[in-house]
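Visitor: Please build the complex by placing chain B on the supplied structure of chain A, with the hints as guidance.
Protein chains: 2
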Amino acid sequence: MTKEIKKDFTKHVNPLIGTSKMGHVFPGATAPFGMVQLSPQTNFEVMFNENGSYNSKTYEYCAGYQHKDSTIIGFAHTNFSGTGHADLGDFLVMPTTGKLTLDPLKTKEGTKGFYSRFSHDTEKASPGYYKVNLDSYNIKAELTASERVGFHQYTFPKSNDSHIILDLVYNIYHHDNKNVWTFIRVENDSLITGYRQTKGWARTKKVFFAMQFSKPFKSYGHKKYNKETYDGFYRRFKQNENFPEMAGKDIRAYFNFNTEEGEKINVKFALSPVSTNGALNNLKQEIPHWNFNKTVQETKDKWNNELGKIDVETISEKDKTTFYTALYHTNLSPILYEDVDGKYRGLDQNIHTSDGFTNYTIFSLWDTYRALHPLYNITQPKRNNDMIKSMLAHHDQSVHNMLPIWSHYANENWCMIGYHATSVIADALAKNVGDFDVNHALKASTNTATVRYFDGIGDYIDYKYVPEDKSHSSVSKTLEYAYNDWCIAQIAKKVGNSEVEKEYLTRSTYYKNVYDPTIGFMRPKLSDGTFRKNFDPMDTHGQGFIEGNAWNYGLYVPQNIDKMIEMMGGKEKFSNQLDELFTTEIADKYISNHEDITRDGIIGNYVHGNEPGHHIPYLYNWTGHPKKTQQRVRMIMDTMYSDTVDGLCGNDDAGQMSAWYIFSSLGFYPVTPGSPNYAIGSPNIKEATIYLENGKVLKITAQNQSKENVFVKSITVNGKKITDNVLSHADIINGGELIFEMSKE
Amino acid sequence: MTKEIKKDFTKHVNPLIGTSKMGHVFPGATAPFGMVQLSPQTNFEVMFNENGSYNSKTYEYCAGYQHKDSTIIGFAHTNFSGTGHADLGDFLVMPTTGKLTLDPLKTKEGTKGFYSRFSHDTEKASPGYYKVNLDSYNIKAELTASERVGFHQYTFPKSNDSHIILDLVYNIYHHDNKNVWTFIRVENDSLITGYRQTKGWARTKKVFFAMQFSKPFKSYGHKKYNKETYDGFYRRFKQNENFPEMAGKDIRAYFNFNTEEGEKINVKFALSPVSTNGALNNLKQEIPHWNFNKTVQETKDKWNNELGKIDVETISEKDKTTFYTALYHTNLSPILYEDVDGKYRGLDQNIHTSDGFTNYTIFSLWDTYRALHPLYNITQPKRNNDMIKSMLAHHDQSVHNMLPIWSHYANENWCMIGYHATSVIADALAKNVGDFDVNHALKASTNTATVRYFDGIGDYIDYKYVPEDKSHSSVSKTLEYAYNDWCIAQIAKKVGNSEVEKEYLTRSTYYKNVYDPTIGFMRPKLSDGTFRKNFDPMDTHGQGFIEGNAWNYGLYVPQNIDKMIEMMGGKEKFSNQLDELFTTEIADKYISNHEDITRDGIIGNYVHGNEPGHHIPYLYNWTGHPKKTQQRVRMIMDTMYSDTVDGLCGNDDAGQMSAWYIFSSLGFYPVTPGSPNYAIGSPNIKEATIYLENGKVLKITAQNQSKENVFVKSITVNGKKITDNVLSHADIINGGELIFEMSKE
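Taken in order, these protein sequences are the chains called A and B.
Number 595 in this note's numbering belongs to position 608 of the first sequence; there are no gaps in the numbering.
Number 154 in this note's numbering belongs to position 167 of the second sequence; there are no gaps in the numbering.
Bear in mind the hints are in silico, worked out from the structure with no lab data behind them.
All the pointers check out, no bait thrown in.
The list treats identical chains as interchangeable, and a pair is accepted whether it falls inside one copy or across any two copies.
When the alpha-carbon atoms are kept at most 30 Å apart in a straight line, the in silico BS3-like pairs for lysine-lysine are as follows:
id	residue 1	residue 2
1	K236	K210
2	K205	K430
3	K211	K236
4	K86	K457
5	K145	K93
6	K457	K225
7	K451	K205
8	K205	K457
9	K520	K225
10	K236	K214
11	K330	K271
12	K330	K236
13	K202	K271
14	K202	K430
15	K271	K430
16	K236	K271
Just chain A, same shape as in the assembly (with noise of 0.2 Å):
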């Protein structure tokens, strides 16, 4: 980036957009790409039972907080961005005064919990800077972010009683009993440092941290919630009270001041995924002043530095707000997973230290490979160079010779299908992006497609098919892996190696041994090779798709579209199935009980709130019939998202519905990820200038633009007339002008 940041971008984006509903975002700080996101939680009301045991409705906390919510029960130092499961949530902190209590909730001992009421008008959230006051105490709580230090700043009343609480009881998930272990060390009267261990979606999680004070505490204590024996132990200290010592699965400790009428606390909370010698190394580089300010002030610089790399011109202020803030949504993960050293935890649970590249974790794959890397190739090349070798490292140290499918804290957690780390090698070769070893990512591929007891791919590869008697979401799988063999085939061509690409060429064409011609759908197929019975292509339960229907994934060959719609009957009946798929209201029935598939996200029964129909209004374009597909963008970016707090239809996906908006509003998409062309839509944008890492900048321009002006009348690159409604990487990355003349008709 050479040039100088003027705009100040982060007054666009407003991070609450997207807490209201299933967007699974959170408002509160982080840095770009931080490993630190230090955020508001409210979910105590819903997170447990009476009992005091978890409840089903966490999964509306996949980040922690629910606008709806009036109470906080602290701040934690990790939250998952928009994803489709939950899990996270780790090192709640919270400020009180009064009466110390260590329970987060009424206990039938008729004990307060330590949580607080919040109203929204003193909530201020903006890119690495969060407010709020804690109505209960008369605490005004402030948050920011380095990389990998959170830092706090609490203004307390007068009081002889205030409180620090840090718990680390407190988890993001959806079964209690998440804790494995925790350790935690006072090293003085300020500084405390530990771990903690968990076994939640990620099964072997462990995350150290150094906790600093602005000023010392005058006493402290813990709590701990299971008996863990420490034997001799007992007869020597009162470990409860000013014990530096403490450790075992389920602990709460505080630390207690004397406060002075509008006094202010500091806490810098620095993480590390490798030790607690490692979270204060970080601690000390990253933030070695106390200056609040100054640590807003940078993080708001490194995001206006990101924000800026795109300078839009909007229709409405509100577009503005809303592209802006998806924007900062792909900015938000993969996370940095590494300390100022270079030092990482490997899946194989050693110690690594990045050589020649920045560690990443947090790969959602299913969901980010579509647009959310096709996006970095253009905004963040270096990163997403970085993030290639991190899935090779990732693959390096995988007992299983695998690219990570979902990668989370030195863990996979084999969420979602395929394996889609190869669309992402693909497509960053497609567009020169990286430096990474070709040969290494073509053999971790080819690695990872024939690992026969993974999820099918053993049948796969026997039967040309996955069948469903054998593994659940059949054809599913058989599209995925189709595509993804392609991509293989892809980087195989890039190597030289022709026999690899051959195969893997064949391999591609496998989704056509699950099309059905005679119902016109892809379906189920048994191992016997008959269709499976009972098939009903509206159901997104049972019917040999995930997350999904035959009507929306079974349009899944990004890899071959032509061949498709010739296969399902021509360019004519394929169009008439997308007005069909826009128009055919789906019944509640086909979508009840399903997480990610909500009516918010649905036009018609194409579900815009989940991922695998993506790339269909794009599809058009295939057929003859571009205007459609400017028609079906424009009306998906003005329905689907918007710049209030209900703005996202879905899951946020860990950026994917927001990489989608911001392809859109520039008027183009990659349908097809690991080619380097895109599909050209509608943009929904006056002006945009896209400041590249390459040092060139392309100016986009939609001539005559408006709300009702949805259409491309023409398109020009650099003077030159695009007519095919396909754009070029190229086009794009040695910038120059992009003019779209737009029209009502």
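Guide: Just chain B, lined up with the frame of chain A:
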């Protein structure tokens, strides 16, 4: 060691000595001070209650083995030698044939447990080698070990159903539910890695392993004994069989083989305190081959190197076995606690690298400061220097800023009282052993002695004794703190810090404050300055002493024996009191329900089976009756030690009981560690040649030696007559000739 090893001393060692009753030693294979103690576990029969929970009899099984048992449950890689508390038993390996069972015991469903019958007829134990037939399976099991690697050799019968079980549930401990987490990776068809974290006596203990088979297994699997969530997993893999990634709380894994008649399968099993990569590296560095006999021979050579440091001629062959087995027992712990590259887990749970020393753990200091560490100042000065540096590193990593009390695999288990690391340091300084930083050692010592919240130290400082109403075992604590403070004064003197020397010399006189001259006993005093009522000096329970009564423990003022005797009424009175101690039979009621004081270890009311009285037989020297010392020590050597499986009269206490024997056999004993002097007793050897690390040689001769000739008529050191029954360390360390002339009278 410059001398050539020619003799085989290992043939005089019988590791089975002490494996019956309460010796708590193990018969398995280990290298001197090795990190691996690979030993058979026989305790399943008494370990579990009928409902599968652990029972209280486990105290007998501190080292996993009782000679009376007829079944073996497997071979574990970590075992304490002679401790007063149970723990370890990590990584149980068991070969079986026939239908696989993963339950160690017979189950309700009638499944046979995987244990095997065995007979002592097929058992052979010698330093670094153990052999036994597993009769239930017709498998011959042989074990050896290098410092960090256990080496198994199993000779199988012909079977298509041969198994090697890796049990990560099995534990030596008195509670079930000790496991915190286990993690296993099947790296390939013959290599396994993983770790186990437990919360036993060590609260946060983590041991990593790498396990390599000489032959690829044909299949494998595991059983998990608790449900651990691994989301997304269930729908992808059949986890239990041939799936290379296992994790959870309680896991047993198995590996299947076809074997021919007489086929040997070897297993190398490396440990690491750091990581699985550390374990793998240890494995590769220490045993890069599959030659089992080579490792047996190498470890035997290492043992001969250690045992050969004292070459003795004894009155009988039995005495020789008792002597060398005792010497063997003094070389088992402390244990090495670092990888071959010097990395180790510190008390703060961070990974450190030993710089300029080798790191050790297992410091059972309340036991071993008495004679074991003083013995090391003769036989192992380099190791003792390393141990002191390990203790200083422990201090530096301690959140309490304390030297170890009982150092235990990167944990402090706080067992027993005092801060006797100060004694080990003072003794080394008094004997010019080591090159550790003396100023650092003094600071670490005074830091430790001023931790007010530790075990009554604050009160001890304030009241000048520990008040019984503030802290139990108050007399024991007062006496030991006073002695430890004298040790600190000696360190301060060495440094030239007269202020600290004076302060701690003052504290070293506090023993006087718990002496009641009206009854002639040390007794518990209350915080109001009065002695507690209801005092019984015979009772070992609740009388202000820990694991001892006033008759024994009340004679504990090693730093000023003359003053103590004067205080207690003078030499004759004191001598008579000692006579009474050795002759008055203690009633059963006083020692019932005491694990560490059993009839086997008692002479009259004198308790040799536990440590507080170990110096007492030598106190006659201070009363003008050295002959009584001579008589008593010979009697104790003859009656409390033998060459039979029940040859230890109490826990060997990590080598202290055995170190007492070695010193006493040689004719002298370190009554006051921290002073350079030894009290002369009565040797029971005929000749002993001590090969010192400084290259010098001390030859001890007991002229006219016999079972009856227990009295020392004269002593000369290099021709100089000794008349005060005191030997100085210089007399030993300078080499030459020490001649005792023995007589019947």
